[in-house]
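S.K.: All chains should be built: construct the whole structure from the sequences, respecting the hints.
Each chain, letter by letter, is given below.
There are 2 protein chains.
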Amino acid sequence: ENPVLSEATQAAILELPSEDVALLLESLPGEPRLKVWALISAEERGDVLFEMHDDARRHLINDMEESDLRSMAARLSPQELVELNELIPPKLYSRRLKLMSLKEQTAVNTAMRFEDDQVGRNIDSDFISISEGLTSQQVMRLLRQWEFPSHTDLLCLVNEEGLYAGSVQLTDLFNAHPQQQIKDLKMEDDPAVRADMHMGEIADLSYQNHHAMMPVVDEADHLLGRITSQDILGWVQTEAENQLLQQAGLSEDEDIFAPVKRSAKRRAVWLGINLCTALLASWTIGLFEATLEQVVALAILMPIVASMGGIAGSQTLTLAIRGLALGNLSSSNARIMFRKEILVGLLNGIVWSLVIGIMAGLWFRQPAIGFVIGAAILVNLIFAAMSGVIIPLVLDKFKIDPALSGAVILTTVTDVIGFFAFLGLGSLFLV
Amino acid sequence: ENPVLSEATQAAILELPSEDVALLLESLPGEPRLKVWALISAEERGDVLFEMHDDARRHLINDMEESDLRSMAARLSPQELVELNELIPPKLYSRRLKLMSLKEQTAVNTAMRFEDDQVGRNIDSDFISISEGLTSQQVMRLLRQWEFPSHTDLLCLVNEEGLYAGSVQLTDLFNAHPQQQIKDLKMEDDPAVRADMHMGEIADLSYQNHHAMMPVVDEADHLLGRITSQDILGWVQTEAENQLLQQAGLSEDEDIFAPVKRSAKRRAVWLGINLCTALLASWTIGLFEATLEQVVALAILMPIVASMGGIAGSQTLTLAIRGLALGNLSSSNARIMFRKEILVGLLNGIVWSLVIGIMAGLWFRQPAIGFVIGAAILVNLIFAAMSGVIIPLVLDKFKIDPALSGAVILTTVTDVIGFFAFLGLGSLFLV
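Those sequence lines, one after another, are chains A and L.
This note's numbering numbers the first residue of the first sequence as 1 and each following residue consecutively.
This note's numbering numbers the first residue of the second sequence as 1 and each following residue consecutively.
Simulated from the structure, these hints should not be mistaken for laboratory data.
A few of these clues could be false.
Computed footprint of chain L on chain A; a stretch qualifies when at least three of its residues, placed anywhere within it, have a C-beta under 8 Å from a C-beta of chain L [stated by the list, open to error]: (1) 26-39; (2) 110-122; (3) 166-180; (4) 273-281.
Quick list of simulated restraints, FRET-style, between CB atoms [unchecked claim]: (5) A:H198 to L:D68: 38 to 44 Å; (6) L:E188 to A:L34: 31 to 37 Å; (7) A:L87 to L:N159: 46 to 52 Å.
One side only, chain L facing chain A, incomplete, derived with CB under 7 Å [said to hold, decoys possible]: (8) W235; (9) Q237; (10) T238; (11) V260; (12) A264; (13) V269; (14) L271; (15) V344.
Quick reminder that beta carbons are idealized off the backbone N, C-alpha and C, glycines included.
M.R.: And the structure:
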């Protein structure tokens, strides 16, 4: 049945941890991918899908027989059920949910109240909460009977109404007197976070607060679960990857081996957007048709003007986007950055307009061409610097992520201004 | 002395944690930055510098008086001394080192044996190691006398020769019988990592192994320290930021408010590299000077051909770079991706060459122009897809980071091929 996979290979695959199986599956195209998938047991399949990107998940799930899908769904953990909820038929989703313990059902329903990027969606319900009325000795006795989940360095306390009442460091408990009230050991800086916070905010907090986990509460101080530094690390890594993909107009779930038609359709959208911006550039050039007919050197040198502007502008843009993300750029100091970037643009503009101007003048044996391209580059670099600061600030004001669309808008601006300056000056001085 | 800062502001700044002071300093230009810096005590200054980017650090250190610098250096922690070693005069560095405890000196000297991106450089020497000859009760008694560092969920064991002998989960110790030998509690999957590993590898491991820390050993099994999930989170966040900056040819340490001259000089290099690629494009256009003189429509439409190729190619490139980084693209499956991407390029090439061909034909009322640009776009999109796979694989083979230079090379290729195809076809069919 599996002519491609030797017995040794099959055995090796079954030994792999689920993260590695996920990676292996994503590294394989259509047929071999399905063959490896067939080896994975119904128990492990949920774990493996949990670690994969959406496209590859969909590929495997769509190919599964009804009965296989049912037996996989019946074994999903609460976290897996939440993560895969959109890919699993609603009937199997609710059947699985009904068969869970009450605690697990609550965990799933809680997570589903939040968006993907909110803390509540990413919480872990496997944690230890303790009534705040106990002594340290009583707590120690309790703990000896339980299994500790990984990344446990805090105990969460709940009061008589069942609301979150603070956290105790496991290590403080270690060092406490047996008769000491557990609530006296509460940390002064409460590490709890709100479930409706964005994961990005949490990442910064987690880096600052030096704990392996943070309790998560809702607006009424119900303790919903915890978030571990591992969950946060996973989210930060995925985010970084997504940002790079988004810059190229790709979906975060893009599968290297997705069907050609689907990939082509998705990418076509980005090509279409880009075509509009390229048409703007062409339209600008078209305004100077008569000039180009007379001075063909302008057509030859056009790409240099546009590309110098695009590069200089994207440098400023990247700095501004980083500043906005880290929080050290805001409207209060934007004017200072604006002024500085214009000066940088001016300096580089002078240097490179001289270099390129002299080169172009010699190439076409016509000093006026050198003057025209030099002036156009100077103008374009200054406008590029201004746009590099203004565009991300404006997008940010309108709550649009500048990392996503900033570069497209910027290059449109630098293309149009570059061509306009270059061909406009050309029509004044060279015709 | 501080006319800008009110007393209330000063008090508020002194209350901030060092990470926020660092961010505040990086958000301020020259003068105000130095004013806030003057408020920070010699004790806290090391903490604050530790959290900053190199450029801003240098700005502050260069402005400090000899005596201030000396008193700050004398208070640096081992980790701070390592991090700031290049910015502090060698005399102050060795004076500080000499005044440290033997344990701290070892920590500094160990870290300095490794490169920035190696685990050894980023280790934390604040951890608990225990002789493997003890019983669980003896260990518990010892632990009660010590303070636990944050992120402690493992105890590291050392044998009689002082070599690393395995790790015990704190939670297993909790549940153990008092007379049990600590070495019987050793974890089966040893979580230790080698100090010469790259931080990127560790990030993946840390995500998989579910611990808040990992012991770090050298090639002879000496226990050098530990690395916490927090250290790793910090590194991953910085790396993600750096990758975005590098794509724009910026240094990771670039300061928004760096002096204009220094910024201009640094960015000039990237502009110069880019100029060479733009010159190649111009040179390609120059080959068809005679054609352009006769058909000015070609000059007007040129940017469309180049930009469609650039966008399509960078989509493929980004996917390939992600595949290489995640490890699901290698020479064994590259051919499959190559074939798939060519088909995607072909499909989108057909669609967009029809759209653009018809548009251009109508715009210039000349069907032949539509045919020429359509054919050129088809050719360019297919070559773009091929280059998007081949370029990163070749760079990777030569150990060059494709995320750094891939995009520049790719757009050079798509520009040259696009112009060559477009103008070449134009000179065949339109003249």
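S.K.: Determine for every hint whether it applies to the structure shown.
M.R.: Status of the hints after comparison with the structure:
Coverage of the segment 26-39 of chain A by chain L holds in this model, with 4 residues showing a Cβ closer than 8 Å to a Cβ of that chain against a need of three. A count of 0 residues in the segment 110-122 of chain A with a Cβ less than 8 Å from any Cβ of chain L is obtained; the coverage claim is therefore unmet, three being the minimum. With 5 residues having a beta carbon nearer than 8 Å to a beta carbon of chain L, the segment 166-180 of chain A meets the requirement of three or more and the stated coverage holds. Counting residues of the segment 273-281 of chain A whose C-beta lies closer than 8 Å to any C-beta of chain L gives 6; at least three are required, and the coverage claim holds.
A hinted range of 38 to 44 Å holds for the C-beta pair H198 (chain A) and D68 (chain L), which are about 39 Å apart. Taking the beta carbon of each, E188 (chain L) and L34 (chain A) are about 33 Å apart, inside 31 to 37 Å as hinted. Hint check: L87 (chain A) to N159 (chain L), Cβ distance near 50 Å, so the stated range 46 to 52 Å holds. The closest approach between the C-beta of W235 (chain L) and any C-beta of chain A is roughly 10 Å, which is over the 7 Å cut-off, so the hint fails.
Because the smallest distance between the Cβ of Q237 (chain L) and any Cβ of chain A comes to about 6 Å, under 7 Å, the interface hint for this residue holds. Below 7 Å, beta-carbon pairs count as interface contacts, and T238 (chain L) has none with chain A, the closest being about 10 Å; its hint is therefore violated. For V260 (chain L), the interface hint holds, the least distance from its beta-carbon to any beta-carbon of chain A being 4 Å, beneath 7 Å. Using the Cβ-Cβ criterion of 7 Å, the hint placing A264 (chain L) at the interface with chain A is satisfied: the shortest such distance is roughly 4 Å.
Annotation: interface hint on V269 (chain L) violated; nearest CB of chain A at approximately 10 Å, more than 7 Å. Interface restraint check for L271 (chain L): the shortest CB-CB distance to chain A comes to about 6 Å, inside 7 Å, so the restraint holds. Taking 7 Å as the C-beta cut-off, the interface hint given for V344 (chain L) holds, the closest approach to chain A being about 5 Å.
In the structure shown, a violation is registered for the earlier hints numbered 2, 8, 10 and 13, in ascending order.
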